[in-house]
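Participant: Here's the letter readout for the chains.
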Amino acid sequence: MKDIANMAAFLGAGFAVGLGAIGSGWGIGNAVVGAARGMAKQPSRNFALFRSMLINQAFGSNASIFALVIGILLWLKGGSKLDAPDSLAQAAAYLSAGLSIGIGALGSGIGSGLVAQDSLEAIARCPKAESRVSLMMFIAQAWCQTPCVFAFVVSILLMYVVGNNFNVLTDEQNIVAAGRALGMGICMGAGAIGPAIGIAFVGAKACQGATNSPEHLQNIRNSFFVGAAVSESTTVYALVISLLMMGGFAD
Amino acid sequence: MKRLLRNSSLALVAMLTASSYAFAEGALDAPMPIEIHGWFFSHDTIVMCGVVAFVITALCWLGSRGLSKEKPGKAQVLLEMIVTAFDDLVKQSIGPTRGRKYLPYIGTLFLFVWTCNMIGMVPIEHSYIGAEPYHDFNHNGSFDPGEWDQPKDDLNKNGMHDPGFRVPAFEEPTANLNVPLGLALLFVLFIGHGSEIRIHGLWGYIKSYFSPEGMIGICMFPLNVVGKIAEIVSISFRLFGNIFGGVVIITVVSGLLSYILVPIGLFGFFGVFVGTVQAFVFTMLALTYISMGAAEE
Numbered sequence: 001m002k003d004i005a006n007m008a009a010f011l012g013a014g015f016a017v018g019l020g021a022i023g024s025g026w027g028i029g030n031a032v033v034g035a036a037r038g039m040a041k042q043p044s045r046n047f048a049l050f051r052s053m054l055i056n057q058a059f060g061s062n063a064s065i066f067a068l069v070i071g072i073l074l075w076l077k078g079g080s081k082l083d084a085p086d087s088l089a090q091a092a093a094y095l096s097a098g099l100s101i102g103i104g105a106l107g108s109g110i111g112s113g114l115v116a117q118d119s120l121e122a123i124a125r126c127p128k129a130e131s132r133v134s135l136m137m138f139i140a141q142a143w144c145q146t147p148c149v150f151a152f153v154v155s156i157l158l159m160y161v162v163g164n165n166f167n168v169l170t171d172e173q174n175i176v177a178a179g180r181a182l183g184m185g186i187c188m189g190a191g192a193i194g195p196a197i198g199i200a201f202v203g204a205k206a207c208q209g210a211t212n213s214p215e216h217l218q219n220i221r222n223s224f225f226v227g228a229a230v231s232e233s234t235t236v237y238a239l240v241i242s243l244l245m246m247g248g249f250a251d
Numbered sequence: 001m002k003r004l005l006r007n008s009s010l011a012l013v014a015m016l017t018a019s020s021y022a023f024a025e026g027a028l029d030a031p032m033p034i035e036i037h038g039w040f041f042s043h044d045t046i047v048m049c050g051v052v053a054f055v056i057t058a059l060c061w062l063g064s065r066g067l068s069k070e071k072p073g074k075a076q077v078l079l080e081m082i083v084t085a086f087d088d089l090v091k092q093s094i095g096p097t098r099g100r101k102y103l104p105y106i107g108t109l110f111l112f113v114w115t116c117n118m119i120g121m122v123p124i125e126h127s128y129i130g131a132e133p134y135h136d137f138n139h140n141g142s143f144d145p146g147e148w149d150q151p152k153d154d155l156n157k158n159g160m161h162d163p164g165f166r167v168p169a170f171e172e173p174t175a176n177l178n179v180p181l182g183l184a185l186l187f188v189l190f191i192g193h194g195s196e197i198r199i200h201g202l203w204g205y206i207k208s209y210f211s212p213e214g215m216i217g218i219c220m221f222p223l224n225v226v227g228k229i230a231e232i233v234s235i236s237f238r239l240f241g242n243i244f245g246g247v248v249i250i251t252v253v254s255g256l257l258s259y260i261l262v263p264i265g266l267f268g269f270f271g272v273f274v275g276t277v278q279a280f281v282f283t284m285l286a287l288t289y290i291s292m293g294a295a296e297e
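If you read the sequences in order, they're chains G and W.
When you number the first sequence by the working numbering, it's gap-free, plus one each residue, and the end is 251.
When you number the second sequence by the working numbering, it's gap-free, plus one each residue, and the end is 297.
Careful: at least some of the hints might be erroneous.
Unchecked claim - Here's a subset of chain G near chain W, in silico, CB distances under 8 Å, partners left out: (1) V69; (2) L135; (3) Y160.
Claimed, not checked - Below, simulated BS3-like cross-link-like pairs (lysine-lysine); rule was C-alpha separation at most 25 Å, straight line: (4) K228/W with K101/W; (5) K91/W with K128/G; (6) K101/W with K91/W; (7) K41/G with K128/G; (8) K74/W with K205/G.
What the hints assert, rightly or not - Estimated spans, in silico, between C-beta atoms of each pair: (9) G66/W with G29/G: 27 to 37 Å; (10) N164/G with L67/W: 53 to 63 Å; (11) V226/W with G183/G: 14 to 24 Å.
In case anyone wonders, no lab produced these hints; they're calculated from the structure.
Note that CB positions come from ideal geometry on N, CA and C, so glycine has one too.
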């Protein structure tokens, strides 16, 4: 098997950008849905809604930008001359780097769309509450990108730490290391989908709550923080397990 | 007026072309490291951080001269807008009296990160100060390896001519992971946890790791510890990933276009828009993490 690692790098690039575009596309479209509904309700707030929509779309594309970066880096790897082009484990690391960020971007994109829709409708419903809702929206958007950031970290580690240690492996070690690398990527990628959507649900409802009952703002914010932190914990488990699996590569 | 517009648009195109060259040559190279007791420091990043700090200090000093209540100048109005915006934010999240103490940190953090994200668009290529002249015996404009003996000041020990002090190309310091990580450690760990210890006492700080009270809290202890570490990882990698991503994408697209056309739209999106949004997000998250421990009841 010649050049299997180059093949896997190209394959990983395809997975990263292809899968990574799904969620972001949905999320960016949903921001426009929210803005359009809001403009229909409050035509006088046209400009504020448009500005807010652009910011929401920037957050929505955040996940796919990460996927695009990993895709480009993998594409450069695939086209270049590698140290161990016929190592199965290195091939698995590159494929897994693409899968990790590709699957991991799915949830963050969808979640960002949920927050965008609810916060834009909330701004339209109660223009006085704009500053409160925008603050909550910023935190919710940034927070639901966290799982995707973890997936990005794991992808970078897979490409540059795990992917460089396979020159001296025997065949048996090669198979085990390949499974380990693939496991790392799939664990982090799949573990990032659900928590991102969960955090986004919490954030979206907190944005609505901040408009509907401003007198309970402190309570809403506290339960938002606690709820989002607890639903984030599952993605932290995925990160911990991925890093533990990486620990085997050190020796 | 037309001439002004034409000249300025020409200057803009020239600047953007030059900056795409800067990206093409230097962006993805590993910067020259400095070794101190086994720790490696990136020379370029340190110098650029210094430049950013100098720019902010100089602009604020120039803007805050000759303040007046009756006739505020343009710079004064702009600076007052920035200060008021962050004053409101800090008061809203921490509290009216205690929040004021955190205003200088939070405002400076935003200005620093924002200027760091913007400075990559300044089209200055790297250069050398105090370079030793080449031993160019056959006058072909380049160094002759055969006719040159080892110099005394070969600090890098790479057998090559030492170029002197390297003035780096203007690149985003935030595209180096160490800068966001350092800022995250400073703001989340030192200021955030530090003020929590100062306000609630050491015992109160330790109790926050067992956060829901009772038996569940003891089971939650490992989760809380991992959560606090995850805060620092997520805040720093978010900034790094976005800025580094912009650098990589602009470099690759400029390469695809053979450095003839300049991706102005990409500079606008990744340089200005994403840079501003991410600087604000970094500031807001740092403020949120601080306010978790330091908010007034």
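Participant: Take the hints in turn and mark each one as holding or not.
Facilitator: So, going through the hints one by one against the coordinates:
| no. | hint | result |
| --- | --- | --- |
| 1 | V69 | holds (4 Å) |
| 2 | L135 | holds (7 Å) |
| 3 | Y160 | violated (12 Å) |
| 4 | K228/W with K101/W | holds (24 Å) |
| 5 | K91/W with K128/G | holds (18 Å) |
| 6 | K101/W with K91/W | holds (10 Å) |
| 7 | K41/G with K128/G | holds (15 Å) |
| 8 | K74/W with K205/G | violated (41 Å) |
| 9 | G66/W with G29/G: 27 to 37 Å | violated (51 Å) |
| 10 | N164/G with L67/W: 53 to 63 Å | holds (56 Å) |
| 11 | V226/W with G183/G: 14 to 24 Å | holds (20 Å) |
Of the numbered hints given earlier, the model fails hints 3, 8 and 9; all others are met.
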